[in-house]
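Colleague: Here's the letter readout for the chains.
There are 2 protein chains.
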Amino acid sequence: MTTPQTLKGFRDFLPETMTIRNKVITTLKAVFESYGFSELQTPTLEYAEVLTGKYGEEAEKLMYLFKDPGGRNVGLKYDLTVPLARVMGQYPDLPKPFKRYQIQPAFRAENTQKSRYREFYQCDIDTVGTTSPVSDAEILAVISDSLKALKFSDFTIRVNSRQILFDLIIKSNIPSNKSLSVLQSIDKLDKKTREEVSLELESKQITPLQIKDLFYCLEKAQPDPQLKEIIDLAKKMGAKNVKFDPILIRGLDYYTGAIFETMVEKPKIGSITGGGRYDQLIKNLGGPDLPAVGTTIGLDRICDVISDLNLWPDLPVSPTRVLVTVFSPDLLNNSLSLSKSLRTQNINTELYPDPNIKLDKQLRYASAKGIPFVAILGPEELEKNIVTLKNMATGEQVKVPQNEIQSYIS
Amino acid sequence: MTTPQTLKGFRDFLPETMTIRNKVITTLKAVFESYGFSELQTPTLEYAEVLTGKYGEEAEKLMYLFKDPGGRNVGLKYDLTVPLARVMGQYPDLPKPFKRYQIQPAFRAENTQKSRYREFYQCDIDTVGTTSPVSDAEILAVISDSLKALKFSDFTIRVNSRQILFDLIIKSNIPSNKSLSVLQSIDKLDKKTREEVSLELESKQITPLQIKDLFYCLEKAQPDPQLKEIIDLAKKMGAKNVKFDPILIRGLDYYTGAIFETMVEKPKIGSITGGGRYDQLIKNLGGPDLPAVGTTIGLDRICDVISDLNLWPDLPVSPTRVLVTVFSPDLLNNSLSLSKSLRTQNINTELYPDPNIKLDKQLRYASAKGIPFVAILGPEELEKNIVTLKNMATGEQVKVPQNEIQSYIS
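Here the protein sequences come in this chain order: A and B.
The numbering of the first sequence is the numbering used here, which starts it at 8 and goes up by one.
The numbering of the second sequence is the numbering used here, which starts it at 8 and goes up by one.
Keep in mind the hints are simulated off the structure, nothing from the lab.
Hints may be right or wrong, so weigh each one.
In this list, chains with the same sequence are indistinguishable; a pair is considered to hold if it fits within one copy or across any two.
[What the hints assert, rightly or not] Restricting the straight-line Cα-Cα distance to at most 30 Å, the calculated cross-link-like pairs of lysine-lysine (DSS-like) are:
{"hint": "1", "residue 1": "Lys397", "residue 2": "Lys15"}
{"hint": "2", "residue 1": "Lys36", "residue 2": "Lys155"}
{"hint": "3", "residue 1": "Lys391", "residue 2": "Lys242"}
{"hint": "4", "residue 1": "Lys250", "residue 2": "Lys74"}
{"hint": "5", "residue 1": "Lys290", "residue 2": "Lys121"}
{"hint": "6", "residue 1": "Lys68", "residue 2": "Lys15"}
{"hint": "7", "residue 1": "Lys247", "residue 2": "Lys397"}
{"hint": "8", "residue 1": "Lys275", "residue 2": "Lys391"}
{"hint": "9", "residue 1": "Lys15", "residue 2": "Lys199"}
{"hint": "10", "residue 1": "Lys273", "residue 2": "Lys103"}
{"hint": "11", "residue 1": "Lys61", "residue 2": "Lys15"}
{"hint": "12", "residue 1": "Lys36", "residue 2": "Lys158"}
{"hint": "13", "residue 1": "Lys74", "residue 2": "Lys15"}
{"hint": "14", "residue 1": "Lys250", "residue 2": "Lys30"}
{"hint": "15", "residue 1": "Lys30", "residue 2": "Lys158"}
{"hint": "16", "residue 1": "Lys158", "residue 2": "Lys61"}
{"hint": "17", "residue 1": "Lys185", "residue 2": "Lys243"}
{"hint": "18", "residue 1": "Lys365", "residue 2": "Lys121"}
{"hint": "19", "residue 1": "Lys219", "residue 2": "Lys247"}
{"hint": "20", "residue 1": "Lys250", "residue 2": "Lys397"}
{"hint": "21", "residue 1": "Lys103", "residue 2": "Lys227"}
{"hint": "22", "residue 1": "Lys368", "residue 2": "Lys74"}
Quantities reported herein were computed from a predicted structural model and do not represent experimental measurements.
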């Protein structure tokens, strides 16, 4: 290989990027744990038979399946739901409801595009083992708190339910064998006009009367009692901007009850969560017969948007707060002592390692790494028992007593 | 698959295990960052040619190499050093010294045994781009601070250097073509007696005089000026228990200068770090010609020992601090409000989701999950505006005003 490179769709996270990712992940974990969700991690590799036969042929074409050095058929994990189903089967004594979050990479050999990767991070929260609407509501509250904690203020959590969608079809006298196809067209109503969707429905042999009834029912649609209870509970838990939306459609093979999706309007991110109740799925994926509800949160997309739009301008690029320079080889020990003392005060401190490098270059290093403060300790400073502290953003230099550095740079 | 299972050598980290792992990782990251190291993450998969031809045939037998769905030759990462070499080549503009830590899984199809897994976590810290002994010393200081932060107090950081080892061979008049074999025997001196090692050396056609000289030189061995400087600097940085040890041998194809290893005596963990200076390796691994020094820390081993020996008995099993029970369906809203209020006070709070389940069973759930406190809110409590708080460890029950819960359970 002449030029070193990563595989397409696979990413290095250099330190600057990790700063944002770590902050996003820490923020989300704190919210999840505040609701009693605990972390689960599962292996990168699974037996191939754990992965296959679950999501159909199209999905399997995207799976990384291979033989391991021992000749076993194995595969990289494709999502976090199949491993969850396996875990529920493998550890039947796990207390239920089992409330877990999981933030790990999954692998799909898809065509790559912006914010779509072949190794991507899934971030899932799920409650397994109860049909209580309290758990559905809690997922909505967690989503709302997560977005608030990430400082996305302008969002809508759209909710709907499988039952309401099928009721629409029945009330409009549309034959049940056409329901999936019709719902796919309805799903486009948030991007296309009513006229465009009508034409599409006509092309699917839906009669004008059926179409008229369908739109009428959509307009009049109300949450059913269970969905209403979920929405009410979520609001009481503090969830913001939860809205019933009868044109929200999600995978209908997957969900059995309520379905959720979050649109972030500002910044214009679009859909960043998707979830709902899936009381049959864990069994269908080879696990035990346990009801479940949960959501996935688009971690990669969130990190990309925060980075691209510079949404967290105040987040330091580097975890390092101060670079202690070395004025000359004979003053190395003084800089070393200062570094040690700053660390004792819980200030992340990098000591420039080479006393033979000119101060100028040491300052450029701090600048290149995004370290906000530089400490200079020359003969003059030592004589007066002070430190020259340079703010790299403003260029301002101040001379401060050693024991007052902390208050200057915090 | 009749019984759901993980692949041998691959692990699920259930919530209890994750609590310890998260604490260990958070602790280590804080120490690394306090010295100005930043996080790097690299992909799970690399081009096969990035991985192969680096560590010899034996290593390659252990690699997970395969063709991806697009027909590319790829492999799971085998360590974190090869990806570091690739990163240094791929991003030549990274400011140097480049100080990174990386905590990610690596994959080796080895025979499994206690604390040896096929998917294992490596935890590496390295400084790339300087030959300064300050950087060697800093690695020792980071190791020392890390072990202190993990509350392992009784440890020895053994240091030696490649040059000192080869000087021993020369001074004992042992032919240089036997040096590696002789050093392998010396390496056993921390487990075998001097007599046993002598016999082994004799079997390698080392003469009695050469053996006598070798042991004499070992006894008299002193750190050379550079190693002395590293040790002195490390001590000034605050590193504890750094000891020169001429019988410390590590991979001699790998290291070019100082070598380090840490033995934890109590608890009796054995070796949990290994590292040193490797000024040729990044180039040899296909990267640019950059000197480097670093260490790996045995994260899996540390987590296993803390768990097996119950070294952190005070660490809560669950991140959840309190389970708010639901007394009866009509009081669900009251429990919900209490949960919300506790979360506002930064108390991780789980609300039991099903109001139809008996209180007794709700308490058993808290106990099974290791949640330390349970809040009970029945008609009596509501009337008096109090909460019954049960400490699950002691069984003690107290009745406290709602606004005083925080001080009781913190």
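Colleague: If a hint holds in the structure, say so; if it does not, say that too.
Modeller: Hint check:
1. Lys397 with Lys15: neither (41 Å within a copy, 54 Å between copies)
2. Lys36 with Lys155: So Lys36 and Lys155 pass the 30 Å test inside a copy (13 Å) and across (26 Å) alike.
3. Lys391 with Lys242: Classified as between; 26 Å across copies, 61 Å inside a copy.
4. Lys250 with Lys74: Neither: 47 Å inside a copy, 46 Å across copies.
5. Lys290 with Lys121: neither (34 Å within a copy, 33 Å between copies)
6. Lys68 with Lys15: both (17 Å within a copy, 26 Å between copies)
7. Lys247 with Lys397: neither (43 Å within a copy, 32 Å between copies)
8. Lys275 with Lys391: neither (54 Å within a copy, 49 Å between copies)
9. Lys15 with Lys199: Answer is neither; intra-copy 33 Å and inter-copy 51 Å both fail.
10. Lys273 with Lys103: For Lys273 and Lys103, neither the intra-copy (38 Å) nor the inter-copy (38 Å) Cα distance is at most 30 Å.
11. Lys61 with Lys15: Both, since 26 Å and 23 Å are each at most 30 Å.
12. Lys36 with Lys158: Both, since 15 Å and 25 Å are each at most 30 Å.
13. Lys74 with Lys15: both (22 Å within a copy, 14 Å between copies)
14. Lys250 with Lys30: within (29 Å within a copy, 38 Å between copies)
15. Lys30 with Lys158: The answer is both: 12 Å in one copy and 26 Å across copies each meet 30 Å.
16. Lys158 with Lys61: Neither, since 37 Å and 46 Å both go past 30 Å.
17. Lys185 with Lys243: Classified as neither; 38 Å inside a copy, 77 Å across copies.
18. Lys365 with Lys121: Close neither inside one copy (42 Å) nor across copies (50 Å); limit 30 Å.
19. Lys219 with Lys247: For Lys219 and Lys247, the Cα distance exceeds 30 Å both inside one copy (33 Å) and across copies (80 Å).
20. Lys250 with Lys397: Answer is neither; intra-copy 50 Å and inter-copy 38 Å both fail.
21. Lys103 with Lys227: neither (38 Å within a copy, 64 Å between copies)
22. Lys368 with Lys74: neither (51 Å within a copy, 46 Å between copies)
Hints 1, 4, 5, 7, 8, 9, 10, 16, 17, 18, 19, 20, 21, 22 from the earlier list are contradicted by this structure; the remaining hints agree with it.
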